[in-house]
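Residue numbers (our numbering), protein chains in the order written: chain A, 1 to 110; chain B, 1 to 115.
A portion of the hints provided could be inaccurate.
To be verified - The calculated lysine-lysine pairs, modelled on DSSO-like cross-linking and capped at a C-alpha distance of 27 Å, are: (1) K57(B) with K45(A); (2) K79(A) with K83(B); (3) K42(A) with K97(A); (4) K83(B) with K57(B); (5) K71(B) with K9(B); (6) K83(B) with K9(B); (7) K71(B) with K107(A); (8) K9(B) with K2(A); (9) K79(A) with K2(A); (10) K83(B) with K42(A); (11) K71(B) with K14(B); (12) K79(A) with K71(B); (13) K57(B) with K14(B); (14) K42(A) with K71(B); (15) K42(A) with K107(A); (16) K2(A) with K97(A); (17) K79(A) with K14(B); (18) K97(A) with K14(B); (19) K107(A) with K57(B); (20) K97(A) with K9(B); (21) K2(A) with K71(B); (22) K42(A) with K57(B); (23) K70(B) with K79(A); (24) K2(A) with K70(B); (25) K45(A) with K14(B).
Stated by the list, open to error - Every beta carbon over 12 Å from chain A, so not counted as near; a handful from chain B, in silico: (26) V19; (27) K71; (28) T86; (29) T103.
Since the hints were made in silico from the structure, they are not lab data. Idealized CB from N, CA, C, for every residue including glycine.
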Amino acid sequence: RKEVEQDPGPFNVPEGATVAFNCTYSNSASQSFFWYRQDCRKEPKLLMSVYSSGNEDGRFTAQLNRASQYISLLIRDSKLSDSATYLCVVFTGGGNKLTFGTGTQLKVEL
Amino acid sequence: DGGITQSPKYLFRKEGQNVTLSCEQNLNHDAMYWYRQDPGQGLRLIYYSQIVNDFQKGDIAEGYSVSREKKESFPLTVTSAQKNPTAFYLCASSTRQGRQTDTQYFGPGTRLTVL
């Protein structure tokens with residue numbers, strides 16, 4: 001089983017739709033969780049950290065479920081500019097080492 | 001402007017040659033990292049360094065070498081021993097805050113193609 005698993009997609013959605021991504025992780029000792037966004041042929045950029053209580057940043061909401069070992073990302077009122085690959089990232093112990101999922105591709109269409 | 005720079009953006013190399021990828025940061029970050037990204041796979045950690053003159057192997061260090069002589073610089077050498085070097089190489093840096101990870105910021109990457 002992979003340490004971090006994501007549905008690769010692509011998710012093709014119309015502009016204005018709400019879309020949700022899930023990500024599961026295998027190590028129950030994982031401590032920190034993040035969502036990164038990566039545009040085609042570009043570097044990943046931090047979208048948001050994921051806190052135990054859940055957190056929201058504008059149209060984006062991230063949630064953590066430790067009991068079931070998954071994190072989620074909800075994007076409301078999706079824009080064409082949201083089209084990208086969304087990477088689930090997990091930190092599990094020493095050395096500041098992060099484990100990246102393979103990413104979920106989102107395509108927002110007119 | 002503060003940030004991370006990588007050069008070159010595109011690099012072509014013949015089989016059997018060593019090549020060094022540059023990574024520089026002016027964010028005053030202690031920690032630096034090298035990842036490679038292949039199609040359909042997540043980023044995989046090659047090497048990381050939490051302080052000058054010290055570095056550790058990541059998950060796929062074979063065929064690579066690094067140095068950390070200055071805080072700002074963390075060059076990666078892809079040697080001829082690396083069997084499948086064609087990939088997108090990403091450098092990242094972060095501050096170091098005890099055991100809890102800090103956000104890693106990425107450079108624009110270098111696309112290496114072995115001919």
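Hints, one by one, checked against the model:
no., hint, verdict
1, K57(B) with K45(A), "holds, 24 Å"
2, K79(A) with K83(B), "violated, 41 Å"
3, K42(A) with K97(A), "holds, 21 Å"
4, K83(B) with K57(B), "holds, 17 Å"
5, K71(B) with K9(B), "holds, 22 Å"
6, K83(B) with K9(B), "holds, 21 Å"
7, K71(B) with K107(A), "violated, 39 Å"
8, K9(B) with K2(A), "violated, 31 Å"
9, K79(A) with K2(A), "violated, 31 Å"
10, K83(B) with K42(A), "holds, 24 Å"
11, K71(B) with K14(B), "violated, 31 Å"
12, K79(A) with K71(B), "violated, 40 Å"
13, K57(B) with K14(B), "holds, 25 Å"
14, K42(A) with K71(B), "holds, 25 Å"
15, K42(A) with K107(A), "holds, 16 Å"
16, K2(A) with K97(A), "holds, 16 Å"
17, K79(A) with K14(B), "violated, 42 Å"
18, K97(A) with K14(B), "violated, 32 Å"
19, K107(A) with K57(B), "violated, 36 Å"
20, K97(A) with K9(B), "holds, 25 Å"
21, K2(A) with K71(B), "violated, 33 Å"
22, K42(A) with K57(B), "holds, 25 Å"
23, K70(B) with K79(A), "violated, 42 Å"
24, K2(A) with K70(B), "violated, 35 Å"
25, K45(A) with K14(B), "violated, 31 Å"
26, V19, "holds, 20 Å"
27, K71, "holds, 15 Å"
28, T86, "holds, 15 Å"
29, T103, "violated, 5 Å"
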